[in-house]
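Heads up: the protein sequence lines correspond to chains A and B, in order. Numbering follows our numbering, with no gaps: position 573 of the first sequence is 573. Numbering follows our numbering, with no gaps: position 6 of the second sequence is 845.
Hints were generated in silico from the structure; no laboratory data involved. One thing to keep in mind: the hints can contain errors.
Said to hold, decoys possible - Derived SDA-like pairs: lysine to any residue, alpha-carbon spacing no greater than 25 Å straight-line:
#: 1; chain 1: A; residue 1: Lys367; chain 2: B; residue 2: Leu959
#: 2; chain 1: A; residue 1: Lys537; chain 2: B; residue 2: Leu959
#: 3; chain 1: B; residue 1: Lys961; chain 2: A; residue 2: Trp430
#: 4; chain 1: A; residue 1: Lys537; chain 2: A; residue 2: Trp253
#: 5; chain 1: A; residue 1: Lys689; chain 2: B; residue 2: Gly902
#: 6; chain 1: B; residue 1: Lys842; chain 2: A; residue 2: Lys579
#: 7; chain 1: A; residue 1: Lys668; chain 2: A; residue 2: Met249
#: 8; chain 1: B; residue 1: Lys884; chain 2: A; residue 2: Lys689
#: 9; chain 1: A; residue 1: Lys579; chain 2: A; residue 2: Trp430
#: 10; chain 1: A; residue 1: Lys537; chain 2: B; residue 2: Glu930
#: 11; chain 1: B; residue 1: Lys961; chain 2: A; residue 2: Asn294
#: 12; chain 1: A; residue 1: Lys796; chain 2: B; residue 2: Ala854
#: 13; chain 1: B; residue 1: Lys961; chain 2: A; residue 2: Gly261
#: 14; chain 1: A; residue 1: Lys537; chain 2: B; residue 2: Lys909
#: 15; chain 1: A; residue 1: Lys579; chain 2: B; residue 2: Asp908
#: 16; chain 1: B; residue 1: Lys961; chain 2: A; residue 2: Asn632
#: 17; chain 1: B; residue 1: Lys909; chain 2: A; residue 2: Tyr394
#: 18; chain 1: B; residue 1: Lys909; chain 2: A; residue 2: Arg569
#: 19; chain 1: A; residue 1: Lys796; chain 2: B; residue 2: Pro933
#: 20; chain 1: B; residue 1: Lys884; chain 2: A; residue 2: Ile405
#: 21; chain 1: A; residue 1: Lys367; chain 2: B; residue 2: Lys842
#: 22; chain 1: A; residue 1: Lys796; chain 2: B; residue 2: Lys842
#: 23; chain 1: B; residue 1: Lys909; chain 2: A; residue 2: Met166
#: 24; chain 1: B; residue 1: Lys841; chain 2: A; residue 2: Leu387
#: 25; chain 1: A; residue 1: Lys85; chain 2: A; residue 2: Lys153
#: 26; chain 1: A; residue 1: Lys360; chain 2: B; residue 2: Lys909
#: 27; chain 1: A; residue 1: Lys579; chain 2: B; residue 2: Leu959
#: 28; chain 1: A; residue 1: Lys367; chain 2: B; residue 2: Lys909
#: 29; chain 1: B; residue 1: Lys894; chain 2: A; residue 2: Asn632
#: 30; chain 1: B; residue 1: Lys841; chain 2: A; residue 2: Arg569
#: 31; chain 1: B; residue 1: Lys909; chain 2: A; residue 2: Trp266
#: 32; chain 1: A; residue 1: Lys689; chain 2: B; residue 2: Ser906
#: 33; chain 1: B; residue 1: Lys961; chain 2: A; residue 2: Trp266
#: 34; chain 1: B; residue 1: Lys842; chain 2: A; residue 2: Val456
#: 35; chain 1: B; residue 1: Lys842; chain 2: A; residue 2: Asn265
#: 36; chain 1: B; residue 1: Lys961; chain 2: A; residue 2: Trp359
#: 37; chain 1: A; residue 1: Lys697; chain 2: A; residue 2: Ile764
#: 38; chain 1: B; residue 1: Lys842; chain 2: A; residue 2: Trp253
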Amino acid sequence: MVNTAIGNIGHLFVIISFILSLFAAYSYLKSSVSNNDLNKKGWLQNGRLLFYIHSGAVLGVVIVLFAIIYGNHFEYHYAWSHASKTLPFYYKLSCFWEGQEGSFLLWIFWNCILGIILIQTSKHWEGPMMTVFALVQAFLTSMILGAVFFDLKIGSSPFLLLRDVMTDAPVFDADPNFIPEDGTGLNPLLQNYWMVIHPPTLFLGYATTLIPFAYLIAGLWTKNYQDWIKPALPWTIFSVAILGLGQLMGAYWAYETLSFGGYWNWDPVENAVYVPWIIQVAGLHAMIIFKNNNTALKLAMILTVATFILILYATFLTRSGVLGEASVHSFTDLGLNGQLLIYMLTFLAISVYFLIAHWKNIPSSNKEISTYSREFWIFLGAITFCLMGFQVLYATSIPVYNNIIEAFGGTSNIAPPADQVGYFTNIQIWGAVLIAILSGTGQLFYWKKMEKNKIVEALVAPFIIALLVSAIIIVFAKISTVSYIILLTAAVYSIAANGKVLWSIWSKKPSLSGGAIAHIGVAFMLIGILFSSGYSKVVSLNNSGLLYSSEFSDEMNRENVLLFLNEPRQMNEYELIYKGRRKEVEKVPFYVPEYQLAPTSVEYLYRVTESIKDDGEVIFDVGDTVEVSHENTYYEIDYKKGGEKIFTLFPRAQVNPSMGLLVSPDIKRSVSSDLYTHISTIPDPEKEKDWSEPESKKVRAGERFFINDYVAEFKGVERVNDVAGIDLGPTDVAVKGLVEIFGDAENEILEPLFVVKDNMIGNIPEVSEQFGARVSFVNVFPEEDSFELSIQTTQKDYIIMKAIEKPYINVLWLGTFVLMIGFGIATARRFKDFAKVKL
Amino acid sequence: MKKTHIIGILVIAAAIFIIITTAGDASSYVSFKEAKEMAENGNDKMIHVVGQLSKDVEGNVVGIEPSDDKLSFSFAMVDNNQETQQVYYNEPMPPDFMRSEQVVVIGSYKNDLFVADEILLKCPSKYEEETISVNEISKR
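Assemble the whole structure, with the sequences as input and the hints as a guide.
Here's what the structure looks like:
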C-alpha cells in the first residue's frame, strides 16, 4: 500500500519550518529596530520561540525522511533512488545525505543546533544576529520546499512519490499503487565509514561560516564596528577547524576508496571548498591582528563576508551542473540554479550594502605597521592566503565564464588547464613556502615584544636548526628539486620557530599555545604533502620501450602491469603473484576464494561448494548457505621478495549493474611509506568466456603434450564408483582421466570423467581457471591402449594493476592531528574570552 | 612610499601574474579538425575534445583496438562535428569505458594519431534513472 501520509507529514513539516523561519527573522528584525524596551523584549522572545518551533519542525522533517529510508518505503523516490533493504543502519545514514535534498537538510539541521546554541550564548547580540541567521535559514529551507508558483519551481522536496517523479513509467499506468521491491541502493563507493562521518563534518563547517558573517552584519547594523569580533573569533577558529577537518576526511576517503592515486586532485569539487576555507583562514588572521593592534578591521570584515559568499558560490558550483564537462564528478541538476543564484546574490547585495553604507564610519588606523611587529608578519600571511585562494577561484570558475559569455550570446571555448595538478601546485607550493616562513617568524615576534637588536638572537637558533635538519633530510632522501628543497627548509624552520615559542609558553600558560601547535601541525602537513605527492612513485612502471605503431615514435612508459592467474611477475624489487578472486563472507575472518562458492537465486546468498576452513576447523561445510557482500570482489595479490612472501594485498572491484565497475585500492601501510595498489582493468565479468573449437587428442598414459602453451601429462585413468548427480547401475562404468598441467608456480591435476550408463556414453569435462583450459574425456580405445581427450582453451584469468608508493604520508596525517589539537586549544581560549564579556 | 603601498603593488603584481599564467595554461574545447590545424601549425598545447564513442547502426561500439599486452588501447571517437578520429590512450581501458555517454579527451595530435593524456567519462548516472527496470516490475 502506498503510504502517502508519511510523505505528507514530512512535507508539512518542511512548509512549517520555512514559514516559521521567515516569522522568526521578522520578529528578530522588529526586536532589533524597536526603540521601546518592552517591545524589544517581546519581539525577542517571540523570535526565540519561533526559532525553537522551527527547529522542532526541522527535526520532524529529518525524522520523517529517515523513517522513509529506514522503513524501506520505496514508493518514495528518495528512498528508492538512494537506499536498499540490505544496507546496515550506519549506511542508511549515508543514504540520508547522499542526495542533494538530504544534504541541504543536513545543513539546515546543523544551523538549527547552532542557532539554539547562539540564542543561549550570544547575549545582547541575539536580536540582530539572529535576524540574519533566521533569514539564511529561510533561504535554505526553501531549497527543499518543493512548491511551484506559476511555473516557478521553488526547491526540490525529498518527499516526492516515485510515481510523481517518473510520470512516464508505464508501470504506473497499469497500477498507480505499484511499489518497487527494493531500492536501487547506495553508491558502493559511498559505503565506507568515512562517508558516514565526512558529510556531517563538512556541512557543520558550511553551517558555521554563517556565524561570523551574522555577527558582522549585526555589528555593522548596530554600529558596533569593533565588538562583533569578540564573539565571531572563537566561531571562526572553530569553523576553520571543522571545515578543514571535513575536507581532510574527504581527502582520506578519496585516498582509500577512489583510485586516482592520491588524496587530492585539484578537482573543481575539492577546489570549491578549498577557496572559502583558505579565505576564512586569512580572515581569522585579520581578526587576530585587529584584536592585538586595532588595525586590519576592514580586511577582517571583507574576508568574513567573502568566506560566507564563497560557501554559497561553492554550493552553486557543485549543485548547478555548471561544471559539467570540467569535472569527473557527476552533477545532477535539480533545476535549482536560479534559486541558488538568487540566494548567493541576495546575501552578496546585503553585505555590500552594509559595508558601503558604513564604510566611512568604520574606524581605521592610519599608523604604519612596523616591520618588527607581529601584526606585520600575520598581515603578510593573510595576504598570501588570499592570493592562494584567488588562483584557485579564478581557474575553477572558467566554466562559469563560458556560461556568462554564452548567456550574452557570445561563444567561448576556454577549458580548464589540461594539467590541473601541475597548474595549481606550481603556484600553491610558493604560497606554502611563504606561509611556512611567515608563520615561523610571525610567531617569534608574537611572543617576544621584539626590539630590533634582539631579532637576530631570536631568529638565529630556529634558522640554524632548519638548515641543519633539512640538509640532513635532503641528503638522505635525495631531494634535488629546488622548490622542494626550499619548501622543506621553510617547513622545518616553521617547526623549529614555533617549537621554540611553544617551549617557552607551555610552562607559563598552556592555554595560549593553540597558535604555535596549529602552526607546527601545518608545517608537518606540508612536509607530508611534499613527500607523499612530490615523491609519489609508480612502482608498477615498466619501461619496456614498446612502440605503439611505426608512425608513432615516442616511447611510452607503461604504468600498469598485467598479471595472469598464478603466473609470477617481477615488479621492481617485488615478485607479484595474482592468486585469484575472493569474496567477503559473513562470519568468516578472511577472504574466501570465489571457486568455493556458487551463486543462488538471491543475489547476496551463496552456496558453499568447498568447505571453508580456518586453521583446519570447518566454519561452513559444503551445501551451507552463506551471506556474501555480492557486489565486492577482492583480488588476492601476493608480494614476494627473494622468494619469501612479505605481504598480501586485496584490492577491490565492485560490479554494479547500473554503475559498471568501480575499483578501490588496498594499501600496505608502514611507518615510512604506503604501498597503494589498485586494479586498473579485469576481464569483463559479464561477458561469457569464449572457448576455442575443441581440439581432439589421442594420448597414452605418460604422454606429454601442450595445453594452452603449458606442458601437460596424461597420467592415466582411474575407475570411479560414485559420480555426483548420476546413479550408477551394476552395468554402468565411470572412469576419470588424470591430466596434470605444469604451471610456473604450481601444477594442477584435472580429472575429466568418462561415463557409460545404460549403454550411453557421456563425459563430464573439467575446467582449469588458471590455465584457461577445459578438458573432456571423450573416448577409450582399449585395443590401442589409448584415450581420446578433447581440449578447449580460453583467455586465462588476469588483472591489470597499478602500484604507487607514497612516502611519509603518515607525516601528513600526523600534522592534521596536531593542527586539530592546536585549533581546539585556540577555540577554547577565545570562547572563554567572550564568556567574560559583561552584558 | 608607505609600506602598505609597496605591499599593495606586490599583491596586484602577483594577481596579474596569476591571471597571465592561467591564461597561458588554460586549455580549450575544440573539434578534431581545429586540433589538427593547431598541431600542423606547431602548436602542441593540450586541448579538450568532447564527443562520443563511434557506434554502428545497432549501437555497438566499434573501433576499439587494445594493444597486445592490454596495457594501452586506441578507440574511434566522434566529435561534436561528427568527425571520427582514432584516439590512443597509454593506459588500460577504463572499466566503464564502453558504457560512457560522453567522452572528453585531453591531449594533442602526434602525427595522425590523437594521443589522450587523460580521458573524462560521463556515464549514465544511476541517480538520474528515468525508467524502472523491467525485471523489477516482473518481480511483482
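Verification of the supplied hints:
1. A:Lys367 to B:Leu959: 53 Å, violated
2. A:Lys537 to B:Leu959: 23 Å, holds
3. B:Lys961 to A:Trp430: 34 Å, violated
4. A:Lys537 to A:Trp253: Given pair Lys537 (chain A), Trp253 (chain A) holds - Cα atoms ~20 Å apart, limit 25 Å.
5. A:Lys689 to B:Gly902: Satisfied, since the Cα-Cα distance of roughly 21 Å is no more than 25 Å.
6. B:Lys842 to A:Lys579: 67 Å, violated
7. A:Lys668 to A:Met249: This hinted pair holds, its Cα atoms lying about 19 Å apart.
8. B:Lys884 to A:Lys689: 43 Å, violated
9. A:Lys579 to A:Trp430: 46 Å, violated
10. A:Lys537 to B:Glu930: Holds. Lys537 (chain A) to Glu930 (chain B) sits at ~16 Å (cutoff 25 Å).
11. B:Lys961 to A:Asn294: With a Cα-Cα distance of about 52 Å, the restraint between Lys961 (chain B) and Asn294 (chain A) is violated, given a limit of 25 Å.
12. A:Lys796 to B:Ala854: With a Cα-Cα distance of about 57 Å, the restraint between Lys796 (chain A) and Ala854 (chain B) is violated, given a limit of 25 Å.
13. B:Lys961 to A:Gly261: Answer holds: Lys961 (chain B) to Gly261 (chain A) is near 20 Å, not above 25 Å.
14. A:Lys537 to B:Lys909: Holds - the C-alpha atoms of Lys909 (chain B) and Lys537 (chain A) are around 22 Å apart, at most 25 Å.
15. A:Lys579 to B:Asp908: 20 Å, holds
16. B:Lys961 to A:Asn632: Holds: Lys961 (chain B) and Asn632 (chain A) sit about 23 Å apart, inside 25 Å.
17. B:Lys909 to A:Tyr394: Outside the cut-off at roughly 40 Å; violated.
18. B:Lys909 to A:Arg569: 16 Å, holds
19. A:Lys796 to B:Pro933: 20 Å, holds
20. B:Lys884 to A:Ile405: Since the Cα atoms of Lys884 (chain B) and Ile405 (chain A) sit roughly 23 Å apart, the hinted pair holds (cutoff 25 Å).
21. A:Lys367 to B:Lys842: With Cα atoms ~11 Å apart, Lys367 (chain A) and Lys842 (chain B) stay inside 25 Å; holds.
22. A:Lys796 to B:Lys842: 72 Å, violated
23. B:Lys909 to A:Met166: Given that 25 Å is the threshold and the Cα spacing comes to 42 Å, the pair is violated.
24. B:Lys841 to A:Leu387: Since the Cα atoms of Lys841 (chain B) and Leu387 (chain A) sit roughly 21 Å apart, the hinted pair holds (cutoff 25 Å).
25. A:Lys85 to A:Lys153: Since the Cα atoms of Lys85 (chain A) and Lys153 (chain A) sit roughly 32 Å apart, the hinted pair is violated (cutoff 25 Å).
26. A:Lys360 to B:Lys909: 69 Å, violated
27. A:Lys579 to B:Leu959: Violated, at about 32 Å.
28. A:Lys367 to B:Lys909: Between Lys367 (chain A) and Lys909 (chain B) the Cα gap is close to 69 Å, so the pair fails against 25 Å, i.e. violated.
29. B:Lys894 to A:Asn632: Given pair Lys894 (chain B), Asn632 (chain A) is violated - Cα atoms ~31 Å apart, limit 25 Å.
30. B:Lys841 to A:Arg569: 67 Å, violated
31. B:Lys909 to A:Trp266: Violated, at roughly 29 Å.
32. A:Lys689 to B:Ser906: 20 Å, holds
33. B:Lys961 to A:Trp266: 19 Å, holds
34. B:Lys842 to A:Val456: 22 Å, holds
35. B:Lys842 to A:Asn265: Roughly 37 Å separates the two Cα atoms, so the pair is violated.
36. B:Lys961 to A:Trp359: With Cα atoms ~48 Å apart, Lys961 (chain B) and Trp359 (chain A) exceed 25 Å; violated.
37. A:Lys697 to A:Ile764: Holds, at about 16 Å.
38. B:Lys842 to A:Trp253: 44 Å, violated
Against the hints set out earlier in the document, violations occur for numbers 1, 3, 6, 8, 9, 11, 12, 17, 22, 23, 25, 26, 27, 28, 29, 30, 31, 35, 36, 38.
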